[in-house]
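Protein chains in written order, with my numbering: chain G, 16 to 748; chain B, 11 to 382; chain U, 3 to 341.
Be a bit skeptical, because a hint or two may be false.
[Said to hold, decoys possible] Between beta-carbon pairs, the in silico distance windows are: (1) A326(U) to G477(G): 55 to 63 Å; (2) Q210(B) to I321(U): 27 to 35 Å; (3) Y142(U) to V92(G): 46 to 54 Å; (4) G95(U) to G177(B): 34 to 42 Å; (5) I19(U) to R143(G): 23 to 31 Å; (6) S123(U) to F331(B): 29 to 37 Å; (7) E113(U) to D176(G): 47 to 55 Å; (8) Q596(G) to A326(U): 58 to 66 Å; (9) I168(B) to S123(U): 34 to 42 Å; (10) P116(U) to Q210(B): 22 to 30 Å; (11) L22(U) to F601(G): 53 to 61 Å.
[Said to hold, decoys possible] Which bits of chain U does chain B cover? Going by a derived footprint, with three or more residues having C-beta under 8 Å, they are: (12) 61-75; (13) 168-179.
Keep in mind that the hints were calculated from the coordinates and are not lab data. All residues carry an ideal CB built from backbone N, CA and C; glycine is no exception.
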Amino acid sequence: MTVSETDYQPEPKQGDSILEIRNASVTFDMDRGESRVLDDVDLDIERNEILGVVGESGSGKSMLASALLDAIVDPGVLYGDITYHPPDGSPIDILDLDKQGLKELRWEEISMVFQGAMSSFNPVRKIRTHFVETLDAHDYDIDEGIERTEGILEDLYLDPDRVLDSYPHELSGGMKQRALIALSLVLEPEVLVMDEPTAALDLLMQRSIISLIQEIKEEYDLTIVFITHDLPLVADIADRIGVLYAFEFVELGPTGEILENAAHPYTRLLLKSTPNLEAPIETMQPVEGSAPDPVNVPSGCSFHRRCPLATQECRDVDPGPYDAGGSHVSHCHHWESAREEIPMSYDLKEIDTGSESAKIGKGDTASRTASAEPVVSLDDVEVHFEKEKGFLDMFDEPDVVEAVDGVSMDIYERDVVVLVGESGCGKTTLGKTAVGLQEPTGGSVNYRGHDIWDVKAGDGDGSISWDEIRRSLQIVHQDPGSALNPHRRVKASLEAPLKRWNDDLDGNDRKQRILSLLEHVGMSPPEDYIDRYPHQLSGGEQQRVALIRAMLMNPDVIMADEPVSALDVSLRVEMMDLMIQLQDTFNTSYLFVSHDLSNARYIAEKTGGRIGVVYLGRLVEIGPPDEIIHNPQHPYTKALCWATPELGADNDDDESPIREIDIPDPTNPPSGCRYHTRCAKAREVCRQQDPGAFDIPDDDLHEAACFRVLDDHEYWDSESITEEDELVAQGDD
Amino acid sequence: MTRHSETPTDDDERMDFEDAIVSDSEASADERIETDGGVGTPFEVVSEYEETRRDRYRKLYDAYVHAPISIIWRDWRARIGFTIVAIYLLMGTVGPLFVEPTSVTEGPALAAPFETMEYPLGTDNQGRDLLSQTVHSTSTILKMVLSGAVFTVGIGTIIGSIAGYKGGMTDTVLSSITDVFINIPGFPLVMVLGLMFDDQILGNPFAIGVLLSIASWGGLARAIRSQMLTLREESFVEASQAMGIGTSTIVFKEIVPHLMPFVVINLTNAGRKVIFEAVALYYLGILPFQDLNWGSILNQAYGANAHARPDAIHWFLVPMFAIVFISVGLTLLGQSLDRVFNPRVRARHEKTTADVEGDGDGETQTQDAMGV
Amino acid sequence: MILNKYASTMVTIDWRIRRLGQAVFTVWAVITLSFALVRMLPGNMMGAMITRLARQGINPARARELVEYRMTIDPDAPLLPAYLSYVSETLQGNLGQSVFYSRPVVDVLAEALPWTLFVLSWAVFISFFIGISIGALMAYWEGGKLDIGLTSYAVLMGSIPFYVLAILLLIFLSYRLGWFPTGGRQPIATDPGFNLTYISGIVTHAALPVLSMLVASGVASLGMRGNSIRVLGEDYLRVARLRGLSDITISTQYVARNAVLPMYTTLLISIGEMFGGSIVLEQVFQYRGVGWYMLSATHQRDYPLMMGGFMVITVAMVIALLLADLTYGYVDPRARRSQ
């Protein structure tokens, strides 16, 4: 980056920078050589802006966060200059501060919210103690500080007394995350660095916290650095966005510029690979290849190995910052041609239809006519868990979690259903019930007309065996790391089903088949992979192995539980395309489970499937993706659409459609419609009556469980109940 | 963020490289099959070759003999522990062939160690050779250790696994029983039982070993149960269930490998405990004995007031050293054996050719392996 | 999954009552076991006692009465009534009559119990204090010379049976150097009471038994070392440092507290081993506690006293573990909801 071919100077505009970072590098000494996890970064953070920093895992974004507080963990070493400009007083060189100086800087001036709120609190101390000891350590007035804390907590829609007097484990993830934000604000800092503050949270909670961050920024006069892997998420609130790749910024500019006029091939490809609700799915394509190893970053432009525009110049010369106009900077020699050669979704005419993933296109719609027999059909299924009881609890009233309650659903041949909902809503349990891995406590699960649990118990009519059913219904798990036994090699894991079902094969046959399968899913040369342990595979490769293992059974239905959520954003589309392609090859049906509406839409639209929305154990709406996203009938579906981050910069509709941020306790679900406690449209009748599934007039595949679908329901005459709740989020409708 | 999460590709990259070197190019050329060639889908491919018996044996040898030994030999604790235990095994098996049994008034009373080469470790107050006594009691002790350790670990693992895997009422009942055994002190119970069954166990070291371990499996059972509860929920177990693989296969192939580090450490701990308790019971004169052993030597020394006599101190020290030395050996061995079951370590050792790194195994593993 | 996630937020029966119930169940199980040993199993003690009395020339009917009086079990009654009356007698504190001392077993043991508890509680306290301190030091200087040295010490300590250390201490510190008394539990020539000589006498008599139990510090220190190293890598520790908390707060409230809590399992195991070990320990030092009486009763075939000793040691341990569990619930907020 020392090469400067342009006259662009990273000089700040006088007076409005709060943090200036110059030539910041972080290195680790590793056995294999020096590892550079932040490479010569220059950055100015302007006062009172929200700067979004986007990067995939291993791009160095957490290092950047730590560097701002001079808090790189040993044995990492930070070089360069970081200057902090307080609102009054002279600039402070952060890397020159002594222990006392750092103590006065951290938390008082620059504060930080870590990624893992779950583990950021001392588990044996109350939340209040954390605030008190922080105030105490910095000689702040404690009473005043606690009073301020209570104000902040209320601003974050938390009940101050309850939260402060709880132990960390007594709070839900979302509450803990908000308490952590409050903790970071308790000393009234100027700058707040947030490292993936919402990564572990649900969609609605994530969106709510994003809105809160904006409010808090105004109210407490903050400068916020928001670090995330999720571009659409930050697009909503950031004033400027910086994109990190391989430990350095490749592009930095105003949010609108980055989204609509990105000038670096990586940013443009990343944008294209990010599933969202609006862009046509044909334009979504994976970024080929993977990010470089920190020990061995390519010379020249670090992206040249994956870049479609790479030339010899890219391989040799590290691209300096090029001014792409409008305080927009790109580190690409070909930034101008990048804008032309890599078309974005809004340049529809130029779609490259030649690539393989685009060819798959919209799949054939499954035969879902009335005459078609479903492969798997759920009939009024309920799964209630009782809390496990000890010897002495026998006379206790059992606590019951109604994980699934009264769900009916059919899955046809070559069908795809995507279940969407918040964590804990029962979507995974519902999925497992559908593939016979969870026995329902009520209702029935049928495979081609046979109740599978009757067949297992031996009560079937004998025309189908449990083995046959078991073989036909398979599962692919969420976490590829735990889906494969860490003690078994790829070969052993894949051999297990073959040994069980194909005893005509000998060792060489099995090996041969496994090799060809690995090759088929793009793991080549397969001989390299077959003897590896799971920890020697990347997340995407682990997921592929798990996928083939399920496919080896030649199943009729595969339940895929969040199959891409553990993968990096740029790899998700690739994995989903692979799954869709395998469906073509094997004529299977999929039951996907996802918390992400964008991914759900990508899969469902590409395969002509349906999306089902699950809330607290109930299926509240199901229909084709287009209908669900553009014509949602249930208020909860609308809330999910609202909460799904959009790439479009015009997303100003910040009116929250939910009344309560936190999800109710599933051991004691609300009466009537379970959503009425959070629904902005709830009326008295919703509290009393339980809505059944109603067909939406225009589309026979679209159903929703809400009275509002019916024009002549008594709902319309019922009293609204939305006024009475105390915690009303941003004005009700 | 830790350093690891920022640099996750550590091993993968290296593996790529090594595998590229070692992969047998000849074989891969033969084996690679065009996916859209003659065979319909890659799911129907079969091999053109029969697997030979030699191939299979070579793989078995690599996985079960070569890799474990190569792993153990990398670790100094394992080397020392293994050597010590091997010395005792030799002492217990071939030792009696080389060292004559001793008898009363064979030598001078209370000869000090190294006084004469005939009685290198000295003699007791009746002139019996202490070296001979020590060597001749080894095999009895080892038999007790073997049966006791196997019993403890066997019962603990079985009860714990069943309770954890089955859950429900089975779990409630088994856990309550386990809790009782955890809550009662083992030694007094063993003492009472030893007294009651002294006729049955006289001269049967295996029975004594079992008796000594009758109350010591509770802790292991509880630990295995909680492991089982976690493992039962693991995705790979569910995936195997979904594939219709039988429960016993799932338990032995998928779950047991995860329990092995536990089992190994407890095996050596249980062995130590058996030695301690057996010696204590002989020392107290509770257990009947026909031939002298480490515990009864202590008993006689104490009975003869050797602790008050400066010239008799070796009478205590010789058996004590025998006890402590094997105990150190077992401790070290237990601490290092768990590495054999760690796939990350295994991966580096199973392929003979991949064994090129200098260190890398040196990650600190000094866990709380000893008693917990 | 769902179940586990929410099970934790639900409290059915108060965990304290559950834990108490478990203790009661254990005591019941021990009483039943004891009954089985005395009356039911082949070669049972009752039969042996009757045979022995008969050999001494006491007529069979009288012998049976005597045995019933001493063991509180009627040898002639059917099993169930005999069992029920044994349970009820035991629960009322009647553990029978000692043959050797011709006194109620309870009287003999009640006098001895405080001495045993005195030694054991100091042993537990001191060995854990030392073990935890050493473990913390090892973790602080992880990988350094001190760490390696102390680790070797800990492995060696863990490999020595406490009675071996006891005999060595007895030989060298008492017999050779004469620093400590060679046996007994109190000075012979002084008046019991609150005078300095008596109290210091008690302390010197208990010192070696307590020191012998220091072998438990080896296991404890290795456990503490591992826990501390783990806690040092936790996120909350990093946040606490960034928040500018003082080193003292961090090392005590953050590192030490979170590292000590998991030591609790080790503590339970040690308490169990120490209670059982008190028999050997008290024999080595001729310290007249419950264990000493139980052992001498065993040698004298004084079955009522032996079984009484067994019962008292067991119940004392059950209560000790119960107290440890209940205290733990107060120290670690997370423990209150499960188990």
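Each hint, compared with the structure:
| no. | hint | verdict |
| --- | --- | --- |
| 1 | A326(U) to G477(G): 55 to 63 Å | holds, 58 Å |
| 2 | Q210(B) to I321(U): 27 to 35 Å | holds, 34 Å |
| 3 | Y142(U) to V92(G): 46 to 54 Å | violated, 22 Å |
| 4 | G95(U) to G177(B): 34 to 42 Å | holds, 40 Å |
| 5 | I19(U) to R143(G): 23 to 31 Å | holds, 29 Å |
| 6 | S123(U) to F331(B): 29 to 37 Å | holds, 32 Å |
| 7 | E113(U) to D176(G): 47 to 55 Å | holds, 54 Å |
| 8 | Q596(G) to A326(U): 58 to 66 Å | holds, 59 Å |
| 9 | I168(B) to S123(U): 34 to 42 Å | holds, 36 Å |
| 10 | P116(U) to Q210(B): 22 to 30 Å | violated, 37 Å |
| 11 | L22(U) to F601(G): 53 to 61 Å | holds, 58 Å |
| 12 | 61-75 | violated (count 0) |
| 13 | 168-179 | holds (count 6) |
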